[in-house]
Amino acid sequence: MNASDPQPPAAGGANPAPAAHRDGALQPPVVSLRGIRKAFDGKTVLDGLDLDIRHGEFLTLLGPSGCGKTTVLRLIAGFEQADAGSIHIDGRDVAGLPPDARHVNTVFQNYALFPHLTVHGNVAFGLEMKKVPRGEIDARVADALATVQLAGYEKRRPHELSGGQQQRVALARALVNRPRVLLLDESLSALDYKLRKQMQGELKALQRKLGITFVFVTHDQEEALAMSDRVVVLDAGRIAQQGPPREIYERPASLFVARFVGEANVMDGTLLHVQAHGDAPANCRWNGGTQPATVDIGGVAFRVRAPAGSHAGQAVAVVVRPEDMRVYGPGEPLPDGMAHFSGRIVERTYKGATLDSVIETSSGLRLIASEFFDEDAPDFDHPLGEPVRVSWVADWETVLPRDTAGAR
Amino acid sequence: MQHVFRRASTGLIALWLAVFVLLPTLMVVATSLLTRHDSHFVSLPLTLDNYARLFDPLYAGVLVDSFGLAALATVLCLLVGYPFAWIVARARAPWRHLLLLLVIVPFWTNSLIRAYAVKLVLATNGALNSALFALGYSGEPLQLLYTPFAVVAGLVYVLLPFMILPLYAVIEKLDPRLLEAAADLGAGRLQRFVRVILPLTLPGIVAGGVLVFLPALGLFYVSDVLGGAKDLLVGNLVKNQFLVARDWPFGAAASVTLVVLMGLLLWAWSASARRANQRIGEP
Numbered sequence: 004m005n006a007s008d009p010q011p012p013a014a015g016g017a018n019p020a021p022a023a024h025r026d027g028a029l030q031p032p033v034v035s036l037r038g039i040r041k042a043f044d045g046k047t048v049l050d051g052l053d054l055d056i057r058h059g060e061f062l063t064l065l066g067p068s069g070c071g072k073t074t075v076l077r078l079i080a081g082f083e084q085a086d087a088g089s090i091h092i093d094g095r096d097v098a099g100l101p102p103d104a105r106h107v108n109t110v111f112q113n114y115a116l117f118p119h120l121t122v123h124g125n126v127a128f129g130l131e132m133k134k135v136p137r138g139e140i141d142a143r144v145a146d147a148l149a150t151v152q153l154a155g156y157e158k159r160r161p162h163e164l165s166g167g168q169q170q171r172v173a174l175a176r177a178l179v180n181r182p183r184v185l186l187l188d189e190s191l192s193a194l195d196y197k198l199r200k201q202m203q204g205e206l207k208a209l210q211r212k213l214g215i216t217f218v219f220v221t222h223d224q225e226e227a228l229a230m231s232d233r234v235v236v237l238d239a240g241r242i243a244q245q246g247p248p249r250e251i252y253e254r255p256a257s258l259f260v261a262r263f264v265g266e267a268n269v270m271d272g273t274l275l276h277v278q279a280h281g282d283a284p285a286n287c288r289w290n291g292g293t294q295p296a297t298v299d300i301g302g303v304a305f306r307v308r309a310p311a312g313s314h315a316g317q318a319v320a321v322v323v324r325p326e327d328m329r330v331y332g333p334g335e336p337l338p339d340g341m342a343h344f345s346g347r348i349v350e351r352t353y354k355g356a357t358l359d360s361v362i363e364t365s366s367g368l369r370l371i372a373s374e375f376f377d378e379d380a381p382d383f384d385h386p387l388g389e390p391v392r393v394s395w396v397a398d399w400e401t402v403l404p405r406d407t408a409g410a411r
Numbered sequence: 605m606q607h608v609f610r611r612a613s614t615g616l617i618a619l620w621l622a623v624f625v626l627l628p629t630l631m632v633v634a635t636s637l638l639t640r641h642d643s644h645f646v647s648l649p650l651t652l653d654n655y656a657r658l659f660d661p662l663y664a665g666v667l668v669d670s671f672g673l674a675a676l677a678t679v680l681c682l683l684v685g686y687p688f689a690w691i692v693a694r695a696r697a698p699w700r701h702l703l704l705l706l707v708i709v710p711f712w713t714n715s716l717i718r719a720y721a722v723k724l725v726l727a728t729n730g731a732l733n734s735a736l737f738a739l740g741y742s743g744e745p746l747q748l749l750y751t752p753f754a755v756v757a758g759l760v761y762v763l764l765p766f767m768i769l770p771l772y773a774v775i776e777k778l779d780p781r782l783l784e785a786a787a788d789l790g791a792g793r794l795q796r797f798v799r800v801i802l803p804l805t806l807p808g809i810v811a812g813g814v815l816v817f818l819p820a821l822g823l824f825y826v827s828d829v830l831g832g833a834k835d836l837l838v839g840n841l842v843k844n845q846f847l848v849a850r851d852w853p854f855g856a857a858a859s860v861t862l863v864v865l866m867g868l869l870l871w872a873w874s875a876s877a878r879r880a881n882q883r884i885g886e887p
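One line per chain: the protein sequences are A and B, in this order.
When the letters of the first sequence are read in order and numbered with the numbering used here, they come out as residues 4 to 411.
When the letters of the second sequence are read in order and numbered with the numbering used here, they come out as residues 605 to 887.
Just so you know, the hints here were simulated from the structure itself, not pulled from any lab data.
All of these numbers come straight from a predicted model, not from anything done at the bench.
Keep in mind that the hints are not guaranteed to be accurate.
[Unchecked claim] So the derived list for chain A, only partly shown, Cβ under 8 Å to chain B, looks like this:
no., residue
1, Ala80
2, Gly99
3, Asp103
[Claimed, not checked] Some chain B residues flagged as far from chain A (calculated, every beta-carbon gap over 12 Å):
no., residue
4, Trp620
5, Phe624
6, Ala656
7, Val668
8, Leu682
9, Ala738
10, Thr751
11, Arg796
12, Leu806
13, Ala811
14, Tyr825
15, Leu869
16, Arg878
Think of the CB as a built atom: it goes at the ideal place given N, C-alpha and C, for glycine as much as any other residue.
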């Protein structure tokens, strides 16, 4: 419903919109999908998808496998035809237009480099198809290879290159055609962790430098948050939420998004009291604003911000990120009047930068708290079994109506 | 124990090859260098005359015609086999297995019998002419049997599976994403075929070509049954010299020449396959 409606460009949010967004708001979208439906063998993959891709933005389609994200990419590229709905690229309806007639290029998941051609032959392929003069081809290929830092590799064959190098050739092969939109299908997932991190940074820098619209498909939420101007979270063929990475992470619109993007403590509660809507502060930026409210979670009353339209007695889910949880040992004073659970530490996991604790509250909840090491807090390290009090930083929770929280 | 077994088995294989491959081959080579004898088949003195006679226009003509017919049969097999192998390789699972089975089923029948089956179809009062008359054709019945056409038809029919199977193997391995990548980069149907499919399936084309061309030179019974009593293939020449003309030394010389030519072709094929492999490399 509200999440799948095309949303106005995020303006005046907490983080300043990048330049691409401001331009994009003025220009018509580069790619526009309307009411896209697609089924394979009777199984619905996309169910009435609407999506506008703005010029120059780095858009990421994020979702679990089978959510339809790759299908969106293949529809834009022209490898699949939609069962219903329309796709416009640069304002032109591309229905029935084959891939070779569309001005978009794809970086495939496993690169799909031509094994019988050299690096030069691979990168030159698209230009040769367009009958670009030889001299210009050589210049542009050299330029593209320099862009991906592979100058001097022209005569190598794909099988002589490492995974990261093949990835760069695939990128150069697509970019050399100066596409309107570059489609990247899980392009980094075959690389090892370190190389993936490095390529994430390089991709983002490249996209800024070239100003080409990137549409990136991934199931890796960390990758999506790190690179994108805008993240579109897909769930079962529908858009669950879209927005800047920070908004997706901090203000998940549904339990699905909260759980899929990062870790989350999800606590069931009942609203006890909701302040009238007019009293809400002006800095509302999500779902038409929030209202101060009190929620009962396992017998403890917390002050929270409930979504507009909430009412007393309503069942809700309160979502708090592990790093926003606060754990207080026996000797540590709690800030005045802070509502909290009592419980004890049942699990501890050392993660290098953080220490993750699982706390079981007296009401039976299991909560995860992620704490950063702090040289100034000597009793930071809570031993197993220690009685603790748990709460979270005020206002950093997300309250979701329980009825929409049903899906996963 | 295992050591002994391995020695025994390699020894047995070596003995087998020596007795049934090396010795007969040497005997054929030796025969080709001897002189014809009416009662003993062969006799001294040693001579190269048998090889010289192969350059006689009559026999050289057989060699040239035979290569021509075999080449024609190979090209036809490729033209028919390539699309068929493509369809089989791209068919869905149950259909793919059924189609492959249909390719292999003819192997269960002796190919001599299948040559007679082709004869029944092509004969003057055979199935093809009957069908033509049934469709209203009223001229002279077509004389198809005992022509080079019939021989080529027979060769294509008998040898087609040897073209389809290696082609199927390479096409099945062809990554469809490479074709999507080519289309993505602006290649139309023809460009995709010429620039991606053809180079990547070339090893299968060459393998199929060798597997059809070499046997086609020697399948004397196809030519005997469908081509009439003419020496159309080198294989017929060899057979007739041994069984009809009783000129063993000359038949042996023709046979050795054929083996050498085939060997050269196989060498050329493996050299080109090695080059192609180097080019494509292991993924």
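Hint check against the structure, violated hint numbers in rising order: 2, 11, 12
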